[in-house]
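Peer 1: The residues making up each chain are set out below.
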Amino acid sequence: MLEIKNLTAAIEGKEILRGVDLIVPDGEIHAIMGPNGAGKSTLSYVLSGREGYEVTGGSATYNGQNILDMPPEARAAAGIFLAFQYPVELPGVGNANFIRTAVNAVRRARGEPELDAVAFLKAARAELKKLSMPDDMLKRNVNVGFSGGEKKRNEVLQMALLQPGLAILDETDSGLDIDALKIVAEGVNALRSSKFSALVITHYQRLLDHIVPDRVHVLSSGRIVRSGGPELALELEAHGYAGQAAAGQEAA
Amino acid sequence: MTALPTRKLEAWRYTDLKSLASVSFADAVPGLAPLGLPDLGVPRLIFVNGIYDAQRSTPPDFLSGFARVAEASDQPLALINAEQAHDGVTITVPDDTDAGAVLLISYAAAENPIAFHPRHRITLGMGARLTLIEIAMGQGVYWHNPVTDIALHENAKLQHYQLQNESIEAFHLATIRAKIAASAAYVSFSMVQGAKLSRAEFHPTLMGVGAVTQLNAAQLLRGQQHGDYTCVVKHDAPNCASRQVVKSVMDDHARGVFQGRIEVARAAQKTDGYQMSQALLLSDGAEMDIKPELEIFADDVKCSHGATIGALDPEQIFYLRSRGISEDQARAMLIRAFLNEALEPVSHAAARGLFEAAIDKWWAEK
Amino acid sequence: MSATAETRDTVNALAGQKYQYGFETDIAMEEFPKGLNEEIVRLISAKKNEPEWMLAWRLKAYAMWRKMEEPDWARIKHPPIDYENLYYYAAPSGPAPKTLEDVDPNLLSMYEKLGIPLNERAALAGVETNTVAVDAVFDSVSVATTFRETLAKSGVIFCPISEAVREHPELVKKYLGSVVPIGDNFFSALNSAVFSDGSFVFIPKGVRCPMELSTYFRINARNTGQFERTLIIAEDKASVSYLEGCTAPQRDENQLHAAVVELVALDNATIKYSTVQNWYPGDADGKGGIYNFVTKRGACRGAHSKISWTQVETGSAITWKYPSCILQGDGSVGEFYSVALTHNHQQADTGTKMIHLGRNTTSTIISKGISAGYSNNTYRGLVKIMPGATGARNFTQCDSLLIGDHCGAHTVPYIESRNPSAKVEHEATTSRIAEDQLFYCRSRGLSEEDAVGLIVNGFCKDVLKELPMEFAVEAQKLLAVSLEGSVG
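Protein chains in written order, with this note's numbering: chain U, 1 to 252; chain Y, 1001 to 1366; chain B, 2001 to 2488.
Keep in mind that the hints were calculated from the coordinates and are not lab data. Careful: at least some of the hints might be erroneous.
[Said to hold, decoys possible] With a straight-line Cα cutoff of 16 Å, these simulated EDC-like cross-link-like pairs (lysine to aspartate or glutamate) come out:
#1 U/Lys14 to U/Glu51
#2 Y/Lys1302 to B/Asp2405
#3 U/Lys151 to U/Glu89
#4 B/Lys2423 to Y/Asp1053
#5 Y/Lys1270 to B/Glu2427
#6 Y/Lys1302 to B/Glu2427
My request is simple: use the sequences and hints to build the entire structure.
Peer 2: If you want it as structure tokens, here you go:
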């Protein structure tokens, strides 16, 4: 379970998150929507431990552990996975090598046995097939020369092989055509279980047609101003974000 | 003895030999090669303190003894070498012969500072082939000043790999000159990790139509090391190609230098010259100086050079860490990826393994 | 295939124009005796009614110069300069003119031929927002300065440096020699001893200079070294755009030009310094022409200050100049955009130096070299990142275009970095005008001359777009004249 209490955070002294309260129980998928500049990406970076983001107050725990104190690799070992909005390229680093190293690092941290090259390749190929991705994706260098859609699929491939407990999808649907979107959604849905939860950060409603959330939250000016069921997403699409803060207060 | 070059000479602008000049070196005496020197399963020539160890070596065919030769150029270090040299390797591969691979190890054991100046001559006949793998290593304070003269006849191909891992207190100043005839190829890869002060100076001359040279290097330095990789590629004939990929990683207070000049003579039309040098500075106090020079007198040429100096990309490090990879391992992966491009021309599997192990060892010793 | 003989001949025909500005003016000239010694320095200072401190400064520079040697590291060959065989001061005789009406009519007509807008009324009657003030330098004395009243209203000082020494000594004392110290190099020491005039510009806090400032130079008398000294200061949040353009008459003996330009930009200030230079380049056999040894340096002292050097150089027999930026202030920016064209037997060894000292500084260098004829064109640049320059960023692009196979194009960049967070990127390419490019243009109806001009313009596009509008047109015309087009 992810529990965020009154989280405040700043970038270069400028406050972006102004008291976020959020609980995502195991087994649930929550969507975070909101206007540009609301702090959606900031929230995902603070949760995954990126440098440059200063937590100024509040707390965030996952399965009882205080994650804000942990370095990024420890959060990954604890089961948190961030699917980036703009995955970076790693020239010269082979995709297979990279994912296998990550998988084994996480297994090691959890006291699980590591996968040898053969076992890893078998598992990787199986996932590639499920995601309708070509085998050669493993041979290429990480994200180098990948189209936008290929980069997102690479994120989903990593997620499938790392088996996280909490997946944070940072605007995964930006720049994707409908086919690529469906593949990403299938990848996420395939992980659904009573132990898996996800935070889907999105600007548009259409991804949520394919990954149906249990709860939808509106993040505006650094706070969650309104929460509701999946129908809230449709309401946002129809009426936009203005007035949500007020509506949230009414509902509260 | 000819005087050492000073920084007043433009070619020595970034490398100061004062610390070398202040040491008093004795002449080298024969020593015992230790057991367990690298063995790649190919003919192996061992030099101890610059003197050929016939007992421990397994010579290849086409090896002749040392021959004293007068120095034609005015390069100070080559002149010093000519004055002082008393041993070296002479390999002459006949026409159309594939001489396979040869390993040349220079080992030095110096209780008191010694200097040795081997002079090597490698000649490949028309269509001949050779892979020469050199390893330089040792202990104590010494000055290793080798000069290697290479002559490649038409269609010959020499793959020349060097692992410079001299004692951390040693001085290594190597000069390699290659004359490359039409359609011949000189491919060199240098890995520089050792010595307190080192300079590897390459002078390939492309003399006939279609001659080709590739000069790659990977410099990994730390502590107070100073490493200088200097190349002057001369395009004297038309339709020749040269390519250079130089990667440098500087840690602590190390200082790296790369000087790469491409000279294209008036007659060298249709020259294809490419040079790329990239450096990573890992700490405050590290320094890199790069001087990529072009001197072009022919107009129908394709010449370009690029240079970058920077640090490891924090975005890339974060991406790896977010996938569970520790920061240390993330940096190691990125540095290995960074250096890979320079290693690309090393086609001999055992040599490749040698270099990759050297990179891993360097990082592990951090 | 390399440039055909036909292309080469066309280029030769275009560039070997009779230098259109080659004529002399018969004006009574007051000249000192030839040669340089302490007496001459004193004479120069006395002639200009300089205060004691200025004379002392000159004498100090002269003493230093005597101990120095001409630098020899550039790729430049020339017969030794006989410093004793030059005149170090030449000005039209008579007292300084008070108004335009007082100026020698021969001078005025010469300026008219050169197209200098000295006529205040005519310029004002033109486009009101596009006014260009001019401090016209005839040989060694600034003859006329226009628009002083308009500028004075904003608090901008734009006057000859000889006047600034008398009227604004505190400013001159504070800044002169602070960017290019007297002993910096052989030529700056010489200049510091014998500089005769130049521009002084002071933009006070918060002022955006309302018009572009410009100066035209002209060397007239025989064997006269031209030693211009320019000092531009922009205080906090000030900005100014300064244009420098030069012409010179045809001569047989070489003429020496050793100028010094110092720029100082304080917090959030911007100085844009643009040069279009077509000093007489020498004839087709390499005889005559100006020797241009110039030291130009800008100090970005203030945080977020910015200095841009933009130049189009087509003249001079020999060019030795490296406009540079010292990036001291945090967040300061230095830029260098240059097109250098050499033809016949011209030699150019030019470039820039960007020294990164403060944090988060940025420098951009775009250099385009065009070589034709038997000329040699060398780019020599230095990008130096000092240990304190955290977050420094540099991007350098230097490209060479060769026309014909008797010329040379050389690149000598020095890149030195001592800070791990700095990012330096450098690229250089060499190319030529391809036969198929020319054919393509011609198949669309362009003459070979036009084709060459078009291709060269495209090659220089990134630099030309940085020039102030007035100059951009001038520059394109100049490139055209140097490479193509006939005398009007």
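Peer 1: State for each hint whether it applies.
Peer 2: Outcome of the hint check:
no.	hint	result
1	U/Lys14 to U/Glu51	15 Å, holds
2	Y/Lys1302 to B/Asp2405	14 Å, holds
3	U/Lys151 to U/Glu89	9 Å, holds
4	B/Lys2423 to Y/Asp1053	48 Å, violated
5	Y/Lys1270 to B/Glu2427	20 Å, violated
6	Y/Lys1302 to B/Glu2427	13 Å, holds
This entry does not satisfy hints 4 and 5, going by the numbered hints stated previously.
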